[in-house]
Each structure stands twice: as C-alpha cells, then as structure tokens.
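Start from the sequences and build out the full structure, keeping to the hints where you can.
Protein chains in written order, with my numbering: chain H, 26 to 616; chain F, 26 to 616.
These aren't lab readings, by the way, just hints derived from the structure by calculation.
Do not take every clue at face value.
Since the list gives no way to pick out one identical chain from another, each pair is judged satisfied if it fits inside one copy or across any two copies.
Said to hold, decoys possible - Lysine-lysine pairs mimicking BS3-like chemistry, simulated, CA-CA at most 25 Å apart:
id: 1; residue 1: 82; residue 2: 151
id: 2; residue 1: 182; residue 2: 285
id: 3; residue 1: 328; residue 2: 425
id: 4; residue 1: 182; residue 2: 288
id: 5; residue 1: 486; residue 2: 82
For reference, the chains in residue letters:
Protein chains: 2
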Amino acid sequence: MLRSHTCGELRISNVGQTVTISGWVQGVRDKGSLLWIDLRDRYGITQITIETDKASKELVDVARSLGREFVISVTGIVAERYSKSDKLPTGDIEITSDKITILNSALVPPFTIEDETDGGDDIRMKYRYLDLRRNAVRKNLELRHRIAIETRNYLDKLNFLEVETPVLIKSTPEGARDFVVPSRMNQGEFYALPQSPQTFKQLLMVGGFDRYYQIVKCFRDEDLRADRQPEFTQIDCEMSFVEQEDILNTFEGMIRHLFKSVKGIDIPTLSRMTYADAMKFYGNDKPDIRFEMKFVELNEVVKGKEFKVFNDAELVVGICAKGAAEYTRKQLDELTEFVKRPQIGATGLIYARFNADGTIKSSVDKFYNEEDLKKWAVAFDAQPGDLMMLIAGETNKARKALSELRLEMGTRLGLRDKNTFACHWVIDFPLLEFSEEVDSTSIGEKGGRWHAKHHPFTSPKPEDIELLESNPGAVRANAYDLVINGVEIGGGSIRIHDKNLQAKMFSLLGFSKEDAQAQFGFLMNAFEFGAPPHGGLAFGFDRLCSLFGGADGIRDFIAFPKNNSGRDPMINSPSAIAQAQLDELMIQLKK
Amino acid sequence: MLRSHTCGELRISNVGQTVTISGWVQGVRDKGSLLWIDLRDRYGITQITIETDKASKELVDVARSLGREFVISVTGIVAERYSKSDKLPTGDIEITSDKITILNSALVPPFTIEDETDGGDDIRMKYRYLDLRRNAVRKNLELRHRIAIETRNYLDKLNFLEVETPVLIKSTPEGARDFVVPSRMNQGEFYALPQSPQTFKQLLMVGGFDRYYQIVKCFRDEDLRADRQPEFTQIDCEMSFVEQEDILNTFEGMIRHLFKSVKGIDIPTLSRMTYADAMKFYGNDKPDIRFEMKFVELNEVVKGKEFKVFNDAELVVGICAKGAAEYTRKQLDELTEFVKRPQIGATGLIYARFNADGTIKSSVDKFYNEEDLKKWAVAFDAQPGDLMMLIAGETNKARKALSELRLEMGTRLGLRDKNTFACHWVIDFPLLEFSEEVDSTSIGEKGGRWHAKHHPFTSPKPEDIELLESNPGAVRANAYDLVINGVEIGGGSIRIHDKNLQAKMFSLLGFSKEDAQAQFGFLMNAFEFGAPPHGGLAFGFDRLCSLFGGADGIRDFIAFPKNNSGRDPMINSPSAIAQAQLDELMIQLKK
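Laid out in structure tokens, this is it:
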C-alpha cells in the first residue's frame with residue numbers, strides 16, 4: 026500500500042509516529058523558511074510541513090516543483106501543530122516530511138477543486154473525473170452508497186430477495202418510448218431496455234418468490250427535460266399475499282429506517298390523503314405538506330355579485346398566506362405575472378389583504394364590499410395580517426395554477442426548508458385517465474383513449490369494478506404514491522392477478538386481443554398457472570438521494586450523468602459506429 | 026396480510042393457535058374420511074388435514090376441487106401430528122382446517138414442480154415462472170442474494186463505495202463485440218452497452234474515489250457457447266494507491282469471507298502460481314488444484330530411441346494417475362479417443378502401466394525396454410499401481426491436450442468433488458499475446474497483431490518495460506486471476522496510470538494516434554490531471570454463484586436467462602419492432 030494512513034485519519038494520538046500518506050496537492054504555501062502542503066484524498070486533508078533550512082535541498086526542490094492536483098506520497102513524522110485548526114479533523118497535527126515522491130504530475134485543472142467551484146456545468150461534465158474530486162460531489166455519492174446499503178439491510182431483514190431481472194428484454198408500445206438494441210443473432214429483431222422490471226417482478230411473484238427487490242437501472246428514451254436522465258435507478262419491490270395496507274406499512278417502515286439510519290431523523294407515522302383530497306386541497310397529486318395553506322373553495326361565497334370572472338368560473342378557489350398582508354403592490358404584481366405565465370396558465374389573480382387594523386382591501390373592491398370580504402375571511406379562516414389569493418376558472422386549470430402559486434408562496438414565506446421532511450401517502454388514485462393525445466406508440470382509435478394512470482397491471486378497487494364499463498374515469502385503483510416534500514419518491518399498486526380482469530384491462534386500454542397476446546401473452550399465460558395476489562412499488566432512487574442530500578437536482582447524485590441532449594460530453598457518447606458493425610447487425614442509417 | 030404465518034414456520038410450540046397460511050397446492054391425498062393438502066410457499070411445506078365427516082360439506086367440496094398449483098389461503102388450528110415426519114421442518118404439526126379460500130386456480134403445469142422435474146430445458150425456459158417455483162432453482166437464487174449481501178458487507182467495511190456507472194456508453198472496437206443502441210436524439214449515432222465498467226472505474230480513481238465496487242450487469246454480443254450469456258453480472262472493484270500485493274490480499278479476504286459467511290467453510294491462505302508454472306505443470310492458466318497429477322516433462326528421458334513420435338516432438342509431457350494401472354484396454358482406448366477428439370487435438374496417447382508386481386508395461390514396448398520404463402517411473406515418481414500417460418507434440422498443443430486429459434482423469438478418479446474448494450492465484454500473466462486472426466473489429470495490419478492478454482489498460486511489470494519494443498511477447502503484466510476448482514472466478518491487474526505508457530500500449534496494439542484519441546482520448550486526457558496508481562479486478566458473479574452452489578452451469582443461477590440463440594423463449598424476445606420506432610430512430614433494416 027502506498028500509504029500507512031489516509032489524509033483524514035491522523036490525530037494528536039499519532040504524534041511521533043512515522044507515517045506515509047498519499048493524495049492530491051490541494052495547495053502549497055511557501056513562506057521561504059517554511060513550506061506547507063495541503064494533501065487531500067477522499068477521507069480528508071492533512072498538512073505537510075517542510076522547514077526549508079533544515080530539509081535536504083532535494084526535498085525542498087521537489088516540494089517547490091509541486092503544482093495543484095499533483096499526486097504525491099509523503100513520508101514523515103506526525104507532529105503537534107503550533108497553531109491548531111478546528112476546521113479540519115486533522116487540524117491538531119501536521120507531518121514533518123522527510124520524503125516526497127511524485128506519483129503523477131497534473132496539468133492545472135480547468136476549474137478549482139473546491140466546494141464552491143468556478144466551473145460551469147458544461148466544463149464540469151466534460152471533466153467529470155475532476156468534478157468528482159470535489160468534496161460536495163463526492164459526499165453525494167457517499168450518501169447514495171449509504172442509502173443503498175441501508176435499503177438492502179432493511180429489506181434483507183424482512184426476507185426480501187434481491188433478484189436481477191434482464192436488461193435485454195422486449196419492446197412494448199405501452200408507456201414511454203423504449204431504447205432498442207438490434208440483435209445480430211436474430212436479424213431484423215430487437216431487444217428493448219426495460220423502463221422498469223414490472224412484468225418480471227410480477228412473474229417472480231407467480232414463481233413463488235414472495236418478496237422481491239432490486240436496485241436497478243431503468244431506461245426511457247424521452248425528450249429530456251431538465252433533471253431527467255435517459256438511464257435512472259429504481260428501488261423496485263414486490264410482495265405476495267398482501268393487501269394495500271401491508272405494502273404501505275412495509276415501505277413506510279423502510280423510509281423511516283432510511284431517515285433514521287442515514288440522517289438520524291425520526292419521521293413520524295405517515296399520514297394518508299386520497300387523490301381526490303390531494304387535488305381538492307392542494308391542486309396536486311404530490312402535495313408539499315411541509316406547510317398548510319390548504320385550498321379553500323369559494324363558489325358559495327363569491328358568486329352572485331356583478332363580477333363576471335367569478336360568476337362564469339367553474340371553480341373559484343384560493344389560499345390564505347399567513348402574515349403576507351403587507352405584500353407591496355409590486356410583489357402582488359409579480360405574483361399575478363407568475364400565475365399568468367403560459368406554463369401556469371391562470372387568467373389572473375384576485376387578492377384581498379386582511380390588514381392589521383382589521384380592515385380588508387381587495388383587488389375587486391368594485392364588486393365586493395367590506396361585508397362581502399369579511400365572509401371571504403371567514404371562509405379562509407383568515408386573521409389580521411393575512412393575504413387571501415383567489416384564482417377562478419375551469420376546475421383542473423384553476424387548481425393547477427393555484428398549486429403553483431401555493432408552492433411559490435411557501436418558498437417566499439420560507440416554509441419549504443430543505444432540512445425539514447414531510448412524508449405522506451397519496452392513495453386511491455384513479456385507475457384510468459383519458460388522453461386526447463395520440464402519440465406515435467398509441468394503440469386504439471384515433472382521437473384519444475383511456476390510458477392507465479399507473480400502468481396496465483394495476484388493479485381497480487373491488488367495489489369499483491362494476492364501473493369499469495359504464496364510467497371508467499370514476500374507477501379508483503389500489504394505487505399509492507409516497508410523497509416527500511412535494512416530490513413523488515415512490516409509487517405502486519396492488520396488481521391484477523386474475524387473467525380475465527387483466528384481459529378486460531387491456532381491452533379498455535384499446536389493445537386488440539391479438540395485440541394484448543403478442544405483447545403481454547407471457548404474463549396472461551402465467552396468470553393461468555396459479556398467480557398469487559401481489560403488489561408492490563418502486564422508488565426513484567436518484568430522486569431519493571437528491572432529497573436526502575437537500576438538493577433540487579439529481580445530476581450531482583449520479584457519478585456520470587448525461588446532459589439534456591442525452592450525451593455524455595466526457596466520453597463523447599453517443600457516437601458513430603463502424604460500417605462493419607452496422608453490416609453485421611443488418612441495419613443501415615436512413616438519410 | 027393474507028396469512029399469519031408462512032408455510033415453513035409452524036412448529037410444535039404453535040399447537041393450539043389459530044393460523045392462516047397461503048401458498049400453492051403441492052398435492053392432495055384423499056383417503057375418503059381424511060383428506061390432506063400439502064401447501065407450499067417459498068419457506069416450506071405445511072400439511073393441512075380435513076376430516077371429511079366432521080367438516081362442512083362446503084369445505085370438503087372446496088378441498089376436493091383443488092388441483093396442483095392452485096393458490097389457496099387456509100385458516101385452521103395447529104395440531105400435533107399423529108405420525109410425524111422428520112423430512113420437513115414443519116413435520117411435527119398439521120393444520121386442522123376450517124376454512125379454505127381459493128385465491129387463484131391453476132392449469133395443470135406442463136412439468137412437475139419438484140426437485141427432480143420431468144421438464145426439459147426448453148419447456149422449463151418457456152415457463153420459467155413455474156421452474157422458479159422449484160426448490161432447486163429458488164435455492165440457487167437465494168444463494169445468489171446471500172453472496173451479494175455478504176460481498177457488499179465485506180467491501181463496505183473496507184470503505185469501498187458502490188458507484189453506479191452508466192449503461193449507455195460508447196462503442197469501442199477493442200475486445201468483444203458491443204451491443205449498440207441507436208440514439209433518437211442524436212441521429213446516426215449509437216450508444217453501446219458496457220462489456221465492463223473498466224474505463225469508468227479508472228476515471229473514478231482519477232476522481233479520487235479511492236475504493237470502488239459495483240455488482241453490475243455487463244454485455245457481450247458474442248456467439249453464445251453453452252453457458253455464456255449475452256448479459257452477465259460482475260463484481261467489479263478498483264483501488265487506488267495500491268500495489269499488486271494489496272489487491273491480492275484484499276480480495277483473498279473477500280473470497281474467504283464469502284466461503285465462511287455463506288457456506289461455513291474455512292478456506293486456507295491462497296497459494297500463488299505464476300502463469301509460466303501454470304502452463305508448465307498444468308497446461309492451463311486456470312489449473313484445478315483440488316488434485317495433484319502435475320505435468321512431468323520427459324524430453325530428456327524419452328528421446329533418443331527409435332520412437333519417431335517422441336524424437337520429432339517439441340515436447341513430450343505426461344501425468345501419472347495414482348492407482349490407475351489396472352485400467353482395462355477398453356478404458357485406455359476410450360482415453361486415447363478422448364485426446365484425439367478434434368477439440369483436444371492430440372495425435373495419440375502413450376501409456377505405461379506400473380503393475381502391482383513391480384513390472385512396467387507400456388504401449389510402446391517395441392521401443393522402450395523395462396530399463397527405459399523404470400527411468401520413466403523415476404521421472405514420474407510413480408509407484409506400483411500407477412498409470413503413466415504421455416502426450417507428444419508442439420509444446421502448446423501437447424500441454425493443452427494433456428490438461429484436458431488430466432481433468433478427465435481427475436473426474437474419473439473422483440478427485441474433483443464439488444464440495445471441496447481449492448482456491449489460488451495465478452499471477453505474472455504475459456502482457457500481450459499475438460493473434461493470427463483478423464476479426465471484424467481488428468485495427469492494425471492484416472495478418473495478425475498483438476492483443477492485450479487482459480485489456481489495454483494493464484500495466485507491464487516495471488522490470489519488463491524495456492522489452493516492450495524488442496520482445497513484446499516476453500513482457501509480463503501485473504495481472505492476476507483468482508482460480509477456484511479450475512474455474513477463473515476473477516481477474517484483474519494493476520493499471521497503467523501514466524499517459525505516455527498508455528499511449529505506447531495503444532500503439533503496440535495497433536491503434537493509430539488518431540484512433541487511440543478518438544476511442545480513449547477521455548482516459549488519456551484524464552491521466553494528464555493527476556491519476557493515482559491504481560488497480561483492481563472483476564469477479565464473474567454468475568460463475569461464482571454457480572460454483573458456490575456446486576453446479577456446472579450458470580443458467581439456473583440467473584432468474585431469467587437467455588438460450589444459446591440469445592433468446593428469451595418466455596417473453597419471445599428479441600422481436601420485431603414497429604416501423605414507427607425504426608423511423609424515429611432513422612434506421613432501416615437491410616434486406
């Protein structure tokens with residue numbers, strides 16, 4: 026080993042020992058008679074000292090030749106520092122060096138290897154191996170490792186088996202777009218990379234595996250929005266002989282274990298909210314419940330005056346922001362502009378200030394007198410000092426816009442602390458949703474069709490099955506999402522295990538019998554041979570890590586991420602391949 | 026939960042409790058007044074009893090309607106059995122059932138769900154989910170899970186970080202054939218699936234990660250021989266600031282930990298053998314050292330008589346099979362045929378029996394008298410009762426053939442017990458090997474070229490570097506394989522961390538500067554910025570599991586394997602994809 030200790034290990038108790046450490050030169054300070062080197066590795070930073078008048082000329086020459094990020098090995102004696110540093114765990118000691126070996130030189134890095142770097146996103150991706158040296162990035166990946174280990178510990182103790190499912194599988198038109206892999210041995214045919222191991226984990230349940238999990242790479246060839254990656258990682262789980270309650274309890278336990286073991290945080294029992302309530306009170310199927318600010322529906326309160334905007338609206342709905350009554354006109358104009366942005370889509374924002382003196386002033390005083398506004402305040406349970414904000418329109422659009430406004434107000438009022446964690450379940454999702462869009466992979470009639478809200482293997486609630494034909498949109502599923510701080514961290518369902526129900530589901534989704542058989546025949550066949558009741562869920566592992574790390578994006582929690590064009594600028598991938606490779610695969614490029 | 030206990034859990038101490046268990050009907054025995062059901066799940070089998078004259082007609086009807094592999098839930102009282110069974114852990118008890126719920130019916134399975142099944146390979150693959158129900162297959166995957174957990178435990182304790190490297194990477198012409206993935210967002214360009222995370226783990230070392238591992242899927246588009254899979258799993262590891270000795274010690278520790286924790290076996294310190302010795306004494310770079318039977322080179326002993334075969338041979342080499350002198354002529358003819366098979370390639374087999382009475386009789390008595398044969402016996406250190414077997418020819422071919430014969434004799438003499446484990450290192454591999462073959466992905470001059478024996482990132486031994494130009498074939502590498510029972514379970518090397526040496530290596534392998542830069546420029550660039558000395562290795566995880574399970578093949582240690590055509594007959598993959606998918610990818614099939 027080219028070291029006896031790491032750069033994060035030596036303490037006052039090591040004083041007097043002869044040690045060898047290796048690492049990267051973080052910096053050199055040369056004061057003439059004294060020369061210091063900060064040597065860094067994954068474990069920490071240790072200070073090396075050379076008294077230039079006492080050391081050999083050779084040693085001093087080597088030390089003075091060192092540049093940033095040189096890789097060196099240093100042998101010397103651990104000494105107590107004259108002036109200690111409490112910024113470093115090794116701050117009580119230094120190494121009086123008598124030997125320095127340069128293991129490798131280094132060009133000056135294109136950005137500083139420090140927590141706050143001067144490198145932009147592009148250059149950091151191109152030189153990802155340098156970015157990984159930064160404490161901030163490395164800590165994220167250490168956290169990721171720790172969460173994976175604790176996930177496995179928890180599930181292993183509960184008799185879950187980690188089983189690897191295949192990566193080269195079969196393309197299916199349902200869901201997002203597949204990445205495909207041409208088969209050389211089966212010419213004209215293609216494998217697909219899995220968007221999830223969904224069908225395989227169900228087959229494992231049919232195979233009697235009882236409890237399965239896998240931390241597994243999945244793939245989606247989607248146009249990348251910010252913070253989407255073409256390959257991503259899931260904690261994928263499935264259990265047999267369970268009902269929804271069992272899944273919720275098991276994985277609530279897992280999340281609480283992770284918070285406790287990785288972050289030392291005790292998470293209280295998770296509350297549950299129906300999808301219907303989530304939409305009604307937060308306008309969002311993944312509400313951030315770190316703060317209240319619930320929606321208040323106001324049709325009964327505000328309609329019937331001369332104000333056409335409210336009278337014509339399907340829904341008038343609002344939130345009450347505590348202590349925001351003193352927002353300036355400028356701030357309120359900003360918020361109005363905010364909700365009118367195309368991606369939010371409200372036509373405007375109505376507000377009413379409940380002033381500290383007890384008066385209420387609204388932006389629609391022309392239509393509503395103080396008496397009317399008092400009724401608003403009662404509906405909102407508003408207090409002096411509060412700001413009431415109302416949006417009107419078609420129900421879904423008004424809710425969506427108000428949800429964005431609520432989150433914006435939460436941020437502005439400092440109610441969304443990244444180190445506070447509010448976890449809860451959203452349950453009773455609808456089984457199906459109607460989509461007007463016809464995408465390239467749609468099967469079924471043009472002009473829209475029912476899509477599975479979760480996926481086509483999700484079971485309807487037994488009491489709603491009779492609605493499948495008559496009112497598909499009203500059927501609720503045994504489906505659930507785990508939401509933390511407004512982020513969907515996990516989701517799953519109790520699956521269909523009955524072949525006939527599964528066939529009916531495919532039919533509702535517009536699959537012909539032949540298509541269903543061609544795509545999912547293996548699963549429906551498996552259901553003929555004794556499928557147990559089963560269900561499960563999957564967690565977005567990248568997202569979970571990012572949340573635990575208190576970050577917004579996932580990119581710095583992935584060792585080698587891709588950019589928004591799906592490229593890895595470091596290795597310059599994807600790239601052209603040789604004609605011989607194309608020939609062997611019997612494919613050619615279209616001009 | 027649709028059960029209070031599993032089918033493997035109830036014991037005499039549970040007698041009197043009311044319980045619910047769920048599982049698959051293994052079998053029903055109906056004796057008229059008594060009816061037994063064996064109910065099976067992953068955890069075991071529990072016997073259910075129904076006294077048909079005491080039970081309700083409804084219950085009896087349900088019980089009599091059950092077929093094999095029906096999924097049922099049974100509620101009843103745990104009772105002590107009249108006639109206990111010591112074959113099952115639950116054999117002391119049975120459940121007197123008062124309620125049976127059919128959770129799912131089942132068609133008669135196409136093969137029996139028992140340890141010794143009547144299903145052939147093809148049907149078992151098509152119905153893999155049924156094959157997975159068999160104890161024998163499930164136990165393999167439970168073993169795999171356990172080995173993975175213990176691998177992670179060991180490495181985690183030594184500060185190794187599990188880091189996920191990307192699956193969508195870049196195609197390189199070196200090595201085996203890549204699977205490629207057309208990129209829709211970067212038209213005309215392709216990702217490749219990794220044959221190993223080699224370059225990424227080296228970049229992690231450049232990035233200061235110090236100790237990395239990953240249990241990771243890798244991919245090779247090769248023509249499949251028996252027991253090769255297009256996707257396979259490695260335990261991939263890398264360490265910084267190490268020398269070969271450190272790697273050997275660390276991973277010897279891992280293997281010993283796995284044997285101890287998973288199988289309860291203490292493995293002694295691993296011996297080490299040079300590649301040169303492995304070839305000389307076993308004719309094989311992965312010798313099975315569960316038994317001795319070392320090669321004895323006989324040129325000095327046998328040449329100079331009238332026997333042209335020996336006189337003309339580059340090498341005459343033999344083994345001595347203890348106690349096999351009484352092999353019949355028929356057996357010896359079989360062995361002669363064995364070595365003459367084209368895939369083994371010897372021209373013949375010479376043998377000499379050292380009889381119990383002290384006489385020696387050979388198949389070449391015409392050329393060698395008793396005196397000569399005594400000299401053979403001395404060379405072999407043979408005793409009365411032993412059989413000496415000799416092969417002659419070109420050195421490499423003779424060794425290869427004799428290696429096969431040695432293994433065959435080991436098997437015939439019962440020296441290769443699957444529950445005995447002989448682990449050792451083979452070290453000092455040659456850096457390069459010359460290949461006459463020109464494959465489709467070769468770069469460099471036609472008519473053969475130097476290939477990296479391990480891979481192009483392996484470092485030569487410092488003392489051999491001067492031979493790189495003058496005698497490339499003689500350069501030894503800091504490369505090592507872990508061999509268990511004649512199977513290469515792991516292999517790796519100390520890597521090149523110097524840019525200039527890496528460039529020279531690429532040049533030796535026939536890469537032009539431009540090709541090297543295009544393919545591996547990112548790695549050589551990384552080496553400019555302070556690469557630490559590093560090395561590592563990778564274990565074949567499927568193979569390791571199979572070895573631990575005492576099996577020959579890997580297929581039953583993979584949940585969903587592919588067949589020899591690279592197909593998954595269960596899901597019928599690969600398959601044709603829609604024209605719309607091809608169009609989006611801007612590729613077309615060649616006729």
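Verification of the supplied hints:
no.: 1; hint: 82 x 151; in the structure: neither (39 Å within a copy, 75 Å between copies)
no.: 2; hint: 182 x 285; in the structure: both (16 Å within a copy, 20 Å between copies)
no.: 3; hint: 328 x 425; in the structure: within (21 Å within a copy, 93 Å between copies)
no.: 4; hint: 182 x 288; in the structure: both (20 Å within a copy, 19 Å between copies)
no.: 5; hint: 486 x 82; in the structure: neither (82 Å within a copy, 32 Å between copies)
Violated hints for the displayed structure, listed by number in ascending order: 1, 5.
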